[in-house]
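Enquirer: Those sequence lines, one after another, are chains A and B.
Note that the numbering used here numbers the first sequence so that position 187 is 187, with each residue one more than the last.
Counting from 1 along the second sequence, just add 1000 to a position and that's the residue number in the numbering used here.
Since the hints were made in silico from the structure, they are not lab data.
Any given hint could be a false lead.
What the hints assert, rightly or not - In silico BS3-like cross-links for lysine-lysine, where the CA-CA straight-line distance does not exceed 25 Å:
id	chain 1	residue 1	chain 2	residue 2
1	B	K1136	B	K1150
2	B	K1175	A	K275
3	A	K275	B	K1150
4	A	K338	B	K1285
5	A	K412	A	K315
6	B	K1175	B	K1136
What the hints assert, rightly or not - From the structure, some residues in chain A lie toward chain B, with a derived Cβ separation under 10 Å:
id	residue
7	G110
8	I149
9	A232
10	R252
11	Q333
12	M420
Stated by the list, open to error - Taking CB as the label site, the calculated pair distances span:
id	chain 1	residue 1	chain 2	residue 2	range
13	B	E1330	A	D364	21 to 27 Å
14	A	A167	B	P1302	49 to 55 Å
15	B	G1147	A	Q139	25 to 31 Å
16	B	R1156	A	S60	31 to 37 Å
17	A	E89	B	R1218	46 to 52 Å
18	A	A96	B	K1136	47 to 53 Å
All C-beta atoms, glycine included, are put in the ideal place defined by N, C-alpha and C.
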Amino acid sequence: MFETLTDRFEGIFTRLRGRGLLGDAEVNEVLREIRVALLEADVNLAVVRDLIERIRGRCSGAELSKSLTPAQQVIKVVNEELTATLGGEPFRLSYASRPPTIVLLAGLQGSGKTTAAAKLARWFKQQGRNPLLVAADLQRPAAVEQLRILGHDLGVTVFSEPTDPVAVARKSLEEAQRLGRDVMIVDTAGRLTIDLALMAEVRSISAAIEPDYTFLVIDAMTGQDAVNTAKAFNDALALDAVILTKLDGDARGGAALSVKQVVGKPIAYVSTGEKPADFDAFYPDRLASRILGMGDVLSLIEKAEKEYDAGVAEKAVERLQQGQFTLEDFLEQLQQVKRMGPLQGMLGMLPGMPKEVRDAKIDDRDVGRIEAIIRSMTQAERRDPTVLNGSRRIRIANGSGTSTTDVNNLVKQFKEMQKMMRTIGPMAGLAGGKGRKMNRDGRNKKVKGGRVTPSSRGAR
Amino acid sequence: MVTIIIAVVLGVLILVSAGFVVATRARRGAAPPPDRAGAAATGVLQAPAESPPDVVQEAPATAAPGPVEAVEESVAEAPPELPEIELEQRPALRDRLGKARALFGGYLSGIRGRAVDEATFEEIEEALLLGDVGIKTTTELLEDLRGRVKSGEVERQPDAVLSALRGDLEALFEKDETGLVLAPPPGPTVWLFVGVNGVGKTTTIGKLAARESLEGRRVVLAAGDTFRAAAGEQLETWAQRAEVNLIRGSDGADPSSVIFDAVQHASARGADLVMADTAGRLHTKVNLMEELRKVRRVAERPPGQLTEVILVLDATTGQNGLVQARQFTEAVAVTGVALTKLDGTAKGGIVIAVRSELGIPIKLVGVGEGLADIVEFDPKEFVAALFE
């Protein structure tokens, strides 16, 4: 699914590449595609419409940049608008001056409240807090038991009693004080927004404990209805933030955009797996590229940031552009790239990868073979493979446990790659000096005030 | 081999250009978030994860969390009230839906009493999209409809256009069997329930068990969700409510073995039907889908006769529902869909895409948390509800 969307955006890219200015017709064509992409990502129709108009407003006319191609320009605007909508004021949690800090979780059935409660408890523990979990879901069979098991595994006390949810909530306050807990997380039963009795019940729970924070837990796979859900819970409970769950699937998570737009409250956390540790703060830019189907580039970049020596990489790119990229440089890069995990998975995440490369089956054993061959070369050979004669090749093949054909192939392909890079590398607009310039322009522009402010958005 | 060289070089190029973004982000003061599985895979030691940046911390916590204290068990388990079984009056889907629909009333009332023009189609499109039918299926439906209006096959009247569309949608489901198939005796029939997390597999099984049991079949439930905490207990409560037998394994046990045991048990006792629960799993988790294939292979083994593999889909699910259906079908050959939580405001239109693109029939609809809140799928009511 990711692939098809990335392809489509690349399709627009190529179609628009070479065109000069962005006319209204082109803008419309791109916007139609973006509309489809957003709808497929489950962004609510009304929100899509609003977004499209904002994008149209920014795309046609004055704001066209000279340093970007029209397609890049449009994508940039779309990405910025999505990020701006998803982001805004980030969620800030401050602890109550008189503990416990009370957190109430609410949401539809099956959205992941109980799991989220346990994950939050773990998160608070990591912050040096001492949380109490409260199981106020007396509706679903064994929901209390579920939380009790999760709490036990985390070493967090779970409080519940077989009375009624409001009484449990009320009593849990005393319990938190008695046990000296400074944070209290209240799990509630899943409820449909049209179930007036249950909505009244959760209001009573809220009134009984007066939570410092009320979180809506919402499934990233939710469709158009996310808007109704968010609105109803916000009306009933005055939400403070949203927890987005099940983001480890391939749902594009457009619901988050709808929810954000409708309730105007930040998305605080995302839940990305079944284990208690699979819980993360929310990054709007990451979800924006995911909604657009551009792959989770930012996660990859973060991984790269940890594992990659940027200085070395930049130098390598410079050498590439100057045509001085040697097998030695290649080996160095290969080491760095390998540290980030299996090649195949990583390459799949990169936008702008040619389809053939992305789809190619990459066997990590082949990578090992390539390494072995290069390591069997002398320094001089690595710098200049033209010195390789027959006997040197046999030596290398023997040294690396491969055949001379393998060595020949490697050398041949490497030469071709060098040739290719010399011609397309600097023009691709991806790398080195030009890429950086492009980004820098983008930043300046944003600071100068291309961004739509909330007030001007409201006036529209 | 050539691809590796090119891939690595391109990867470096892209990363370096993207790397600038990282630098900028870092300058904005964003600390890298805790890494996920990747770090473990690479075997590189990581510094302890810092706290996410957008959370204001108070001064360093005074009391460092000491050794894990003994967990107090201040939990008292309440035997949930068993609701009276009132299966005699099955809820009509329409009654249930009425509650939700009343809030929205007259979706397409705007197009009535107006000439049919482009705006009419746009409003219909809107209704379908808001019902989660999806842009692709919606576009196909409307293109066809537009063509037929143009050619005069469908009258240029709002009501005629609407009823033509309804007819198309109903026709989609027309030939489908909605009941779940029972195998001829001997040997118990096996129904397997699969789906992503939180869609309502266990609840669906509980309700179905009550229904089948009431119809005089001897039912055995297999608690194949050995992963999620207390999933077995949850099914056990349902088994008590429905007064049927339950076979459980220990937590973390191989789900196939639990289902195998249940089939053996059913066969030995001459039971008619085994309903097998499975742990919720995202269709993107390769190992879990492999596990499910194995569960299916085991469930098929004689004396058990696997007749249904039911994909449970949540009506609130958006376009990902289609991907789920595709992946689960590929893994375990889904025979039908149970659409749950249709008593809310979500319309579950994704099943239209599931039916039209994958040919998987919709068999059951869940409309509440009570024992009786499961009904056969009725295309007419479902389609009517889409437009209400």
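Enquirer: Indicate, hint by hint, whether the structure satisfies it.
Expert: A quick look at each hint next to the structure:
no.	hint	result
1	B/K1136 <-> B/K1150	holds, 21 Å
2	B/K1175 <-> A/K275	violated, 43 Å
3	A/K275 <-> B/K1150	violated, 56 Å
4	A/K338 <-> B/K1285	holds, 23 Å
5	A/K412 <-> A/K315	holds, 24 Å
6	B/K1175 <-> B/K1136	holds, 23 Å
7	G110	holds, 3 Å
8	I149	holds, 4 Å
9	A232	holds, 8 Å
10	R252	holds, 8 Å
11	Q333	holds, 5 Å
12	M420	holds, 8 Å
13	B/E1330 <-> A/D364: 21 to 27 Å	holds, 26 Å
14	A/A167 <-> B/P1302: 49 to 55 Å	holds, 52 Å
15	B/G1147 <-> A/Q139: 25 to 31 Å	violated, 49 Å
16	B/R1156 <-> A/S60: 31 to 37 Å	holds, 35 Å
17	A/E89 <-> B/R1218: 46 to 52 Å	violated, 59 Å
18	A/A96 <-> B/K1136: 47 to 53 Å	holds, 49 Å
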